[in-house]
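Peer 1: One letter stands for each residue in the lines below.
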Amino acid sequence: MVARVNYDEVEAGTELPPLTIPVTRGTLVQYAGASGDFNPIHWNEKFAKEVGLPDVIAHGMFTMASAVRVVTDWVGDPGALVEYGVRFTKPVVVPNDDKGALIEVSGKVAAKLDDAARTVRVDLTVTSAGQKVLGQSRAVVRLA
Amino acid sequence: MTDAEPAAGFYERIKAYEGQSAAVGGEGRDPVNSPMIRHWCEAMGHLLPVDGSAPPTMLQVWTMAGLSGHGDRSGPYDELLGALDAAGFDAVVATDCEQEYVRPLRPGDRIVFDAVIESVSPRKTTKLGIGHFITTRMDLRSGGEQVGTHRFRILKYAPAPRKAPGKRPRPVVNRDNAGFWNGVSRHELLIQRCTGCGTPRFPWLPGCNSCGGQAWDTVKASGSGTVYSYVVMHHPPFPAFEPPYAVALVELPEGVRMIANVTGVPYDKVRIGMPVELEFAVVDDELTLPVFRVREGV
Ligand SMILES: [Zn+2]
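Chains A and B supply the protein sequences, listed in that same order. Read in the UniProt record's numbering, the first sequence has 87 at position 87, and its numbers run on one by one without any break. Read in the UniProt record's numbering, the second sequence has 208 at position 208, and its numbers run on one by one without any break.
These are computed hints drawn from the structure, not numbers from a lab. Treat each hint with caution, since some may be false.
Stated by the list, open to error - DSBU-like cross-link-like pairs, simulated, lysine-lysine; straight-line CA separation at most 35 Å:
#1 K15(B) - K124(B)
#2 K90(A) - K167(B)
#3 K127(B) - K220(B)
#4 K49(A) - K124(B)
#5 K112(A) - K46(A)
#6 K49(A) - K112(A)
#7 K90(A) - K46(A)
#8 K269(B) - K46(A)
#9 K99(A) - K269(B)
#10 K220(B) - K108(A)
#11 K127(B) - K167(B)
#12 K167(B) - K124(B)
#13 K49(A) - K220(B)
#14 K99(A) - K49(A)
#15 K220(B) - K132(A)
#16 K132(A) - K167(B)
#17 K132(A) - K108(A)
#18 K90(A) - K108(A)
#19 K46(A) - K127(B)
#20 K124(B) - K132(A)
#21 K90(A) - K220(B)
#22 K15(B) - K49(A)
#23 K90(A) - K132(A)
#24 K167(B) - K15(B)
#25 K269(B) - K90(A)
#26 K108(A) - K124(B)
#27 K15(B) - K108(A)
#28 K132(A) - K99(A)
#29 K112(A) - K132(A)
#30 K49(A) - K132(A)
#31 K167(B) - K220(B)
#32 K269(B) - K220(B)
#33 K112(A) - K90(A)
#34 K167(B) - K49(A)
#35 K220(B) - K46(A)
#36 K49(A) - K269(B)
#37 K167(B) - K108(A)
#38 K127(B) - K90(A)
#39 K90(A) - K15(B)
Could you put the whole structure together from the sequences, leaning on the hints where they help?
Peer 2: Right, here's the structure in full:
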């Protein structure tokens, strides 16, 4: 698979199409099984509250992997991702209702890194319920 | 905090774990395989990579212990966590993750991994409590070649004792402002007016700022107002208030502005120019405060 965004056509400041990702309790149960992370704070409300959380929260790795879709959907190739790092600033709280939570993601090309490797750095803004849930969220991606 | 001042030499003792192994020769429970890739993509709402490779951000999944728990953690990491637990830093939260993807993982790749304790921070005071950051780096290989790096940072901390919510601060009622608080107790918002020059004033003061006159009477506010300005408080926290919250400067048609809470709207929906209406909030048995509710239909 080949990235469909051409390095030469991208500038620092280029904005990526934003993304809204719904998360319900069902999503977290599926993710627990698919990722092998069964920490009860991600599915057991009683346990989550006992350890001081407001409610069940999404897995950090779920939020991280969800958010970077803004980059891989843009590029059209998940395999084009070279590096990716985040800070978990606030948990994504997922209430037990039919709405759950929404993760809002936007991204902007921060810098063109390497003309030969055709890599750019994309900075992500990731919020849920008006709060920044990931900080210093930066992805390096290889373009066509 | 169970142990506010750990024994002398505590940091030196835990820092000595830097460079030690957190996992040696760990083996992925299953080789990279299509069913796990598909389940993960379905859970994430990711499209399946058409070439059958695993999404890069699935990296850590290939190192997870499966449904029956961990078997390949080496001694030093558990010892380090144990030492922190014993010193009162018994809570944990993940703070950072950084990954490098050297090449796509494909079905059949057999993942082996080593993890090292990369750093143990000095004692840090955080919003959650006092603790130490621990960074581990896991190197993943397949067929002898490096395929990715997974760096993970946690905070081991002693939870800051949660304070009972404080009482709202009490107004200082004195001779100069007693009339105002008497009005509030009757659910009236009274504005002072200079009888010399007619200038309204708020908050209550003994003299007129315009003419210096000391004689005054009062005007009862009609109750309507508009948000003239506002701030949203995030920091510092104050016992009786749960940040973030909005504090508004409300302009009254009587010619004064006052600071108050705006009710009936989330903190991030308060806007300059919003029409608001006076109401009285009964905070507790001894305290009633004038606040402004956003008008219906705004
Ligand atoms: Zn006057």
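Peer 1: Against this structure, judge whether each hint is valid.
Peer 2: Here's how the hints hold up against the structure:
no.: 1; hint: K15(B) - K124(B); verdict: holds, 14 Å
no.: 2; hint: K90(A) - K167(B); verdict: holds, 27 Å
no.: 3; hint: K127(B) - K220(B); verdict: violated, 44 Å
no.: 4; hint: K49(A) - K124(B); verdict: holds, 25 Å
no.: 5; hint: K112(A) - K46(A); verdict: violated, 47 Å
no.: 6; hint: K49(A) - K112(A); verdict: violated, 44 Å
no.: 7; hint: K90(A) - K46(A); verdict: holds, 20 Å
no.: 8; hint: K269(B) - K46(A); verdict: holds, 32 Å
no.: 9; hint: K99(A) - K269(B); verdict: holds, 21 Å
no.: 10; hint: K220(B) - K108(A); verdict: violated, 53 Å
no.: 11; hint: K127(B) - K167(B); verdict: holds, 22 Å
no.: 12; hint: K167(B) - K124(B); verdict: holds, 30 Å
no.: 13; hint: K49(A) - K220(B); verdict: violated, 47 Å
no.: 14; hint: K99(A) - K49(A); verdict: holds, 20 Å
no.: 15; hint: K220(B) - K132(A); verdict: violated, 43 Å
no.: 16; hint: K132(A) - K167(B); verdict: holds, 29 Å
no.: 17; hint: K132(A) - K108(A); verdict: holds, 16 Å
no.: 18; hint: K90(A) - K108(A); verdict: holds, 21 Å
no.: 19; hint: K46(A) - K127(B); verdict: holds, 23 Å
no.: 20; hint: K124(B) - K132(A); verdict: holds, 22 Å
no.: 21; hint: K90(A) - K220(B); verdict: violated, 45 Å
no.: 22; hint: K15(B) - K49(A); verdict: holds, 32 Å
no.: 23; hint: K90(A) - K132(A); verdict: holds, 7 Å
no.: 24; hint: K167(B) - K15(B); verdict: violated, 42 Å
no.: 25; hint: K269(B) - K90(A); verdict: holds, 21 Å
no.: 26; hint: K108(A) - K124(B); verdict: holds, 32 Å
no.: 27; hint: K15(B) - K108(A); verdict: violated, 38 Å
no.: 28; hint: K132(A) - K99(A); verdict: holds, 19 Å
no.: 29; hint: K112(A) - K132(A); verdict: holds, 25 Å
no.: 30; hint: K49(A) - K132(A); verdict: holds, 21 Å
no.: 31; hint: K167(B) - K220(B); verdict: holds, 29 Å
no.: 32; hint: K269(B) - K220(B); verdict: holds, 29 Å
no.: 33; hint: K112(A) - K90(A); verdict: holds, 29 Å
no.: 34; hint: K167(B) - K49(A); verdict: holds, 24 Å
no.: 35; hint: K220(B) - K46(A); verdict: violated, 50 Å
no.: 36; hint: K49(A) - K269(B); verdict: holds, 28 Å
no.: 37; hint: K167(B) - K108(A); verdict: violated, 44 Å
no.: 38; hint: K127(B) - K90(A); verdict: holds, 12 Å
no.: 39; hint: K90(A) - K15(B); verdict: holds, 27 Å
Hint compliance for this structure: hints 3, 5, 6, 10, 13, 15, 21, 24, 27, 35 and 37 are not met, and every other hint is.
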